[in-house]
Amino acid sequence: MCTSPRNRPSRMLRDGRTEDQEFSPAERMYRRYTKDDFEGEYFRPARFRFPPSLNRQRYSEPEDVVFSEHGEFDGCGVLECTVQDLSLQLMGDHEVQYSFIPMHVPEHDNYSHSEIWATFGDPPSRTSEPNKIARKKYRTAASKFFRVRTAATK
Amino acid sequence: MPAIAEPIVTSPEIEDIQIALRTSDYLNQSGFLGISRNRSHEAPERHLLEYFADLAVTLHFIPLEQKLLKLAQLQPNWDTYGADPPNAAARTRVDRLLAELRSVAVIPTDITASSEGGVAISFIYGNNYADIECLNSGETLAVTVSGDEEPEVWEVNDTETAIAQTIERIRVHVAA
Numbered sequence: 000m001c002t003s004p005r006n007r008p009s010r011m012l013r014d015g016r017t018e019d020q021e022f023s024p025a026e027r028m029y030r031r032y033t034k035d036d037f038e039g040e041y042f043r044p045a046r047f048r049f050p051p052s053l054n055r056q057r058y059s060e061p062e063d064v065v066f067s068e069h070g071e072f073d074g075c076g077v078l079e080c081t082v083q084d085l086s087l088q089l090m091g092d093h094e095v096q097y098s099f100i101p102m103h104v105p106e107h108d109n110y111s112h113s114e115i116w117a118t119f120g121d122p123p124s125r126t127s128e129p130n131k132i133a134r135k136k137y138r139t140a141a142s143k144f145f146r147v148r149t150a151a152t153k
Numbered sequence: 000m001p002a003i004a005e006p007i008v009t010s011p012e013i014e015d016i017q018i019a020l021r022t023s024d025y026l027n028q029s030g031f032l033g034i035s036r037n038r039s040h041e042a043p044e045r046h047l048l049e050y051f052a053d054l055a056v057t058l059h060f061i062p063l064e065q066k067l068l069k070l071a072q073l074q075p076n077w078d079t080y081g082a083d084p085p086n087a088a089a090r091t092r093v094d095r096l097l098a099e100l101r102s103v104a105v106i107p108t109d110i111t112a113s114s115e116g117g118v119a120i121s122f123i124y125g126n127n128y129a130d131i132e133c134l135n136s137g138e139t140l141a142v143t144v145s146g147d148e149e150p151e152v153w154e155v156n157d158t159e160t161a162i163a164q165t166i167e168r169i170r171v172h173v174a175a
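Protein chains in written order, with numbering that gives the first Met the number 0: chain A, 0 to 153; chain B, 0 to 175.
Mimicking DSBU-like on lysine-lysine, the simulated pairs with C-alpha atoms at most 30 Å apart in a straight line are:
hint, chain 1, residue 1, chain 2, residue 2
1, A, Lys143, B, Lys69
2, A, Lys143, B, Lys66
3, A, Lys143, A, Lys34
4, B, Lys69, A, Lys131
5, B, Lys69, A, Lys153
6, A, Lys153, A, Lys34
7, A, Lys131, A, Lys34
8, B, Lys66, A, Lys131
9, B, Lys69, A, Lys34
Don't read these hints as lab results, they were simulated from the structure.
The shape of chain B in the complex, shown without the other chains:
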């Protein structure tokens, strides 16, 4: 697991988690962190393990989602080299990508505004780098690279299949 880049500030979701931990009622909250209620036949210990696995993933995504919200406040020329701020369409696509990544527990290390105009989701694991860049133009491009190799770049269409394939390709790359 990568280190969390920024301190986690409180949010309604974190408060829910804290309340659930205090009251130990997380096993009864079906929608909470995606835990299914159809597991009554399984041992409570398994629920607990799954709960904490989901919790660990969630805690990585909360600061990223908060950072995405803040990117809406950037002004033109925010990078001092004339960049446009990320537009709403790019931020919406990143929001969707974050949800997809969260659902399969592929954890980005950061998100950032792109000087090309847009938002980039980055993955840095050791010597392996990947990112997905959602541009203001409506295009989404992904890249993987390791060390001094030539980067591999591909365009990501706005379909569930293309997004899932991109996430899987990045998961395999950063896990190598």
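With the rest of the complex left out, here is chain A:
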């Protein structure tokens, strides 16, 4: 069956807008999920790839994470947490301390798209690829903050 593509909400389009790296601690971050992303009540850390891809509340609605023109994400649910939840400080190996921060990484068709990056060292360097120990620590620690906003049906 052939169905017409859905119209992408105009708020999702970048439309020449620049990055906005100002995040308030209370700003919500969203991502989609499927039922299998949970084991019981645990959002599986294994399903939380680094750097995690999220939509920020300031420039989106929660349901934008499950929008696609052709319905690929139909049935996915929406998870949410806050910037404060995700802004963790963790030790990597070799006693390197990492601070994890949200980064606004707009995409052409998803202006609100954001990621979590890490800063380390003095003066601080910013990276989307901290070492593997720090990445896994972060994925494990941060995954427990996600709450179901809209339940998945698949």
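Given the structure of chain A, go ahead and fit chain B onto it with the hints provided.
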């Protein structure tokens, strides 16, 4: 013991178990579920208890092994965030880990594909969480965490000693 996450479907191993139970010949099958034949001096009741202990462990691992086989069918972008499917090397390492875990009766609660590319074996017992993640890159990482504590992460080398130490560390953590 944790609840079994998925209904157990039939398999050749389960059919063997069912036949053995029907015919009561499990005491004569030396290789069956790892029961040794060198126990003729022990009471039959002890054989039976050991047999059912082994059986309980086996019944937990069969669905995990079946799930591992199914992970080979995943396609690129299976998680909708661009993940690669687990490669053969990662699945082989998980198969080996499952065998090691089974041999010491440390029971995972699930296995799942990892969005980092690979397979994760998870252990959730109450407030205690652990996993072992075999990545497509060839690396294996393990983690333990309880509640709001900072997770402990370590790399697992591909040696019998490192694997045994990791399993023991996880066993102690989830039993705490």
